[in-house]
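Peer 1: Following the hints, complete the assembly by docking chain B onto the known chain A.
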Amino acid sequence: MSETKTGQTRKVTIKAFRFNAETDYLPSYKSYTMEVGKDELILDLLNRIKWEHDGSFSYRRSCRHGICGACAIKVNGKATLACKQNAMELLDLFNNELVFEPSSTKRAVKDMIIDKSDFWEKHAAVKPYVVADIDPHPEHETKQSIAEFNKFLDSDLCIQCGACHYSCPALEANEDYLGPAALNAAYRFTVDTRDTAAKERLEITAQSGSGVWDCVKCYECAEACPKEINPIEKITKLHNMQFEQGVAVSNVATRHAEGFVRSIKKHGFLDEADIVVYSEGYLGMYKHIKTAIKMARAGKIHWEDGLPWVDNMPKIKNLEEVQKLIEISQTNKL
Amino acid sequence: MSEQLHYALYTGCTAKQSTPELLSSTLAVADKLGIKITILEEASCCGASHLQDFDEFLAHVLNARNICYAEKLGLTMITICNTCQLNSAMTKHALDSDPELKARVNEKLAEVGLEYKGTSEIKHFLYALIDDYGLDNIKNKVTTPLSAFNIAPFYGCHNIRPSELHGSSNGGENPYKPTSLDSLIDALEGNPVDYEHKNKCCGFHVELQANHTSEVLAGNAMIDAVDNNADLMVTPCPLCHLKMDTYQDSVGKVIGRDIELPVLHMPQMVALALGCSEKEIGLNFHVQKATQIFTEARA
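Protein sequence lines, in the order shown, are assigned to chains A and B. Quick note on numbering: the first sequence equals residues 177 to 510 in the numbering used here. Quick note on numbering: the second sequence equals residues 298 to 596 in the numbering used here.
With the rest of the complex left out, here is chain A:
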């Protein structure tokens, strides 16, 4: 970096997570003060901690071009690809305080370096490759139209940095969940016209407990991705494809999604009591009795809500428009 003029550098104290799984019982945070220039990247600051302050400070880095995915860390809780992120931008965003942490503190091996084995296991589980019978002596290349290619273009930009995976709260609460990166990969190969394993992959991603139905819809992955892939958008597409291709089986999650049409057709509004009964089935309602009683006591629901012969529901004006639109626009069935 060349000479910086006054006002173009800022004196900053960075707090960095320090931990060595081999020797430390608990992690600690150490502070490093430095003048930060306007063109410096977070990766430059990681380098300067190591080169100017403490040679034992550890982190992964390789390409420096935003394509290898090695240098993903969290800065103030924000998933950050260190080699792509200007430091001043984050200083502005976080009022001049920076905290460097590994993508997942509980998986820390040394400082910024984490054990990503769970990421790779999930990734491998969705068959993240084109499955096809390949002619060993082809006479010409496999052709794809631009439209076919565009279907997976942005999902193909994934660099497996783990930014979305380690920002996903569903994964933190449920270790079986495949997570946004693996599901994005599943989508990428499922829509590839050369691939023949679409159904198999859709079945993998339709599993209760691990598949798309365990996504909590928080949009952390969309916010985290340094390649702007928007994984949750791909998860929504996988949901839709499960219905389109007849892979979706009737269960509490699929009935819950489909049940919205049933309610909207009748009332315009979602019938909050009916959607629970319809999704769970009458036998499944035992789980909700305690909550229902509490809600009824507070006047949030009425004891007769959900009985098939009672209709307490408010209705929207011009309901027939909605009914007509459903009739002519609905494309999927359960």
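Calculated from the structure, these hints are not laboratory results. All values derive from a computational prediction rather than experimental measurement. Beta carbons: idealized from backbone N, C-alpha and C, even for Gly. Take the hints with a grain of salt, since some may be wrong.
Just so you have them, the derived chain B footprint on chain A, three or more residues with Cβ under 8 Å [claimed, not checked]:
| no. | region |
| --- | --- |
| 1 | 205–218 |
| 2 | 244–254 |
| 3 | 287–301 |
Where chain A lies over chain B, by a calculated footprint (3+ residues, C-beta under 8 Å) [unchecked claim]:
| no. | region |
| --- | --- |
| 4 | 334–342 |
| 5 | 491–504 |
| 6 | 539–551 |
Think about it this way: if two alpha-carbon atoms lie no more than 25 Å apart in a straight line, the pair counts; the simulated BS3-like pairs of lysine-lysine are [as the list claims (entries may be wrong)]:
| no. | chain 1 | residue 1 | chain 2 | residue 2 |
| --- | --- | --- | --- | --- |
| 7 | B | 333 | A | 509 |
| 8 | A | 493 | B | 414 |
| 9 | B | 369 | A | 491 |
| 10 | A | 470 | B | 576 |
| 11 | A | 260 | A | 226 |
| 12 | B | 474 | A | 214 |
| 13 | A | 403 | B | 474 |
| 14 | A | 500 | B | 399 |
| 15 | B | 399 | A | 327 |
| 16 | A | 493 | A | 441 |
| 17 | A | 226 | A | 282 |
| 18 | A | 214 | A | 187 |
| 19 | B | 586 | A | 470 |
| 20 | B | 474 | A | 254 |
| 21 | B | 369 | A | 441 |
| 22 | A | 191 | B | 474 |
| 23 | A | 187 | A | 282 |
| 24 | A | 493 | B | 333 |
| 25 | B | 369 | A | 500 |
| 26 | A | 466 | B | 586 |
| 27 | A | 491 | B | 333 |
| 28 | A | 463 | B | 414 |
| 29 | A | 466 | B | 550 |
| 30 | B | 586 | A | 493 |
| 31 | B | 399 | A | 441 |
| 32 | B | 474 | A | 187 |
| 33 | B | 474 | A | 282 |
| 34 | B | 474 | A | 260 |
| 35 | A | 470 | B | 550 |
Peer 2: Below, chain B alone, put in the same frame as chain A:
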């Protein structure tokens, strides 16, 4: 304010059913502040991201129809639920940026005599209050300062993420360090509680199919608020409210802690500070006892 603010209110389903207190407090706040509200009685459910999982195109058609009714009035559409905000804004964004999709949707809407044009903005009531009405103007109307309460702001995912979608309607809120609710609490003279989980997920959307995940996420947020001395929590999203208020007992069992934390809707908190009536604020509709807050605020 020279010109009276006037909005088309998209109530969503929850405010018409399990959270009547959300609708009554919203209308009471608008009334106190002299904001004119026209309720979109024709509007249907936004799909809550679940209809989107089943049939994304149908969800766009229905949401576009809702927006048509705000456009007909020539008004900004305001929402009082984060998930309504997200799904309406997603349809608007999809249609405004994809002429082919817009044409396909309008072909359907034409069958019922409607056309989506893209002329109405969509914003959550929280940001209408802050960015259009103004915090200073709200501050001037406070009759019951909330200084007795440590209030934990819980932002709810769908107002702050994805930031690219919401940037123009939520004052450019930083999803990793949101400030709008904190500054609103400040303006009402309450004490905002700073805690890590204020911008995290409550788990509502997987309540049925992944109950454990849902309970853990809600629990993490509530415990964090309580451990930082919150007396109550406030949220702009009725789905966050439902998760944390009605399931507080079962959440407590899953995470092994007793929790007693009233969870207020954002407009209830404002209504309390503006001196609205007990009936309008509707604290009696909460599962976790909250009626004492009305008396405590006025003590």
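Peer 1: Run every hint past the structure and note whether it holds.
Peer 2: Status of each hint after checking the structure:
1. Counting residues of the region 205–218 of chain A whose CB falls under 8 Å from any CB of chain B gives 0; the rule of at least 3 is not met.
2. Counting residues of the region 244–254 of chain A whose beta carbon lies closer than 8 Å to any beta carbon of chain B gives 3, which reaches the threshold of three, so the coverage claim holds.
3. Restraint check on the region 287–301 of chain A versus chain B: 0 residues with Cβ-Cβ distances below 8 Å, three needed, restraint violated.
4. Coverage of the region 334–342 of chain B by chain A holds [criterion: at least 3 residues with CB-CB distance below 8 Å; count 5].
5. Coverage of a stretch by a chain is defined here by at least three residues with a beta carbon nearer than 8 Å to that chain's beta carbons; for the region 491–504 of chain B and chain A the count is 6, and the condition holds.
6. With 4 residues having a beta carbon nearer than 8 Å to a beta carbon of chain A, the region 539–551 of chain B meets the requirement of three or more and the stated coverage holds.
7. Of the pairs offered as hints, the one joining residue 333 of chain B and residue 509 of chain A is violated, with about 42 Å between alpha carbons and a cut-off of 25 Å exceeded.
8. With a CA separation close to 21 Å, the supplied pair residue 493 of chain A and residue 414 of chain B stays within the 25 Å bound.
9. Distance check on the hinted pair: residue 369 of chain B and residue 491 of chain A sit about 21 Å apart at the alpha-carbon level, within 25 Å; holds.
10. Proximity of residue 470 of chain A to residue 576 of chain B is assessed by CA-CA distance (about 20 Å); at most 25 Å being required, the pair is judged to hold.
11. Between residue 260 of chain A and residue 226 of chain A, the direct Cα distance comes to roughly 19 Å. Compliance with the 25 Å bound is thereby established for this hinted pair.
12. Of the supplied pair hints, the one linking residue 474 of chain B and residue 214 of chain A holds, its CA atoms being roughly 22 Å apart against a limit of 25 Å.
13. Simply put, residue 403 of chain A and residue 474 of chain B have alpha-carbon atoms about 22 Å apart, close enough for the 25 Å limit, and the pair holds.
14. For the hint linking residue 500 of chain A to residue 399 of chain B, the alpha-carbon distance of about 18 Å falls within 25 Å, and the restraint holds.
15. For the hint pairing residue 399 of chain B with residue 327 of chain A, the CA-to-CA distance comes to about 19 Å; that is within 25 Å, so the pair holds.
16. Taking the CA atoms of residue 493 of chain A and residue 441 of chain A, the gap is about 13 Å. The hint holds against a cut of 25 Å.
17. Restraint check: the Cα-Cα separation between residue 226 of chain A and residue 282 of chain A comes to about 22 Å, which is no more than 25 Å; the hinted pair holds.
18. At roughly 11 Å between alpha-carbon atoms, residue 214 of chain A and residue 187 of chain A fall within 25 Å of each other, so this suggested pair holds.
19. At most 25 Å may separate the alpha-carbon atoms for a hinted pair to count; residue 586 of chain B and residue 470 of chain A meet this at roughly 11 Å.
20. Taking the CA atoms of residue 474 of chain B and residue 254 of chain A, the gap is near 10 Å; set against the 25 Å cutoff, the hint holds.
21. With a C-alpha separation of about 23 Å, the suggested pairing of residue 369 of chain B with residue 441 of chain A holds against the 25 Å cut-off.
22. Only pairs whose Cα atoms come within 25 Å are accepted, and residue 191 of chain A paired with residue 474 of chain B is accepted, the gap being roughly 17 Å.
23. At most 25 Å may separate the alpha-carbon atoms for a hinted pair to count; residue 187 of chain A and residue 282 of chain A exceed this at roughly 30 Å.
24. As the CA atoms of residue 493 of chain A and residue 333 of chain B are separated by approximately 21 Å, the hinted pair is consistent with the 25 Å bound.
25. Distance restraint check for residue 369 of chain B and residue 500 of chain A: the Cα-Cα separation of roughly 20 Å lies within the 25 Å cut-off, and the hinted pair is therefore satisfied.
26. Our distance criterion of 25 Å between C-alpha atoms is met by residue 466 of chain A and residue 586 of chain B, whose separation comes to about 16 Å.
27. With a C-alpha separation of about 23 Å, the suggested pair residue 491 of chain A and residue 333 of chain B falls inside the 25 Å cut-off, and the hint holds.
28. Restraint check for residue 463 of chain A and residue 414 of chain B: not satisfied, since their Cα atoms lie roughly 45 Å apart, outside the 25 Å limit.
29. With a C-alpha separation of about 13 Å, the suggested pair residue 466 of chain A and residue 550 of chain B falls inside the 25 Å cut-off, and the hint holds.
30. With a C-alpha separation of about 35 Å, the suggested pair residue 586 of chain B and residue 493 of chain A falls outside the 25 Å cut-off, and the hint is violated.
31. Simply put, residue 399 of chain B and residue 441 of chain A have alpha-carbon atoms about 23 Å apart, close enough for the 25 Å limit, and the pair holds.
32. Distance hint between residue 474 of chain B and residue 187 of chain A is fulfilled; the C-alpha atoms sit about 22 Å from each other, no more than 25 Å.
33. Annotation: proposed proximity of residue 474 of chain B to residue 282 of chain A holds, straight-line Cα distance about 22 Å (limit 25 Å).
34. Proposed proximity of residue 474 of chain B and residue 260 of chain A is supported: the alpha carbons are some 21 Å apart, at most 25 Å.
35. A distance of roughly 16 Å separates the Cα atoms of residue 470 of chain A and residue 550 of chain B; the hinted pair therefore holds under the 25 Å criterion.
In this structure, the earlier hints numbered 1, 3, 7, 23, 28, 30 are contradicted, and the remaining ones agree with it.
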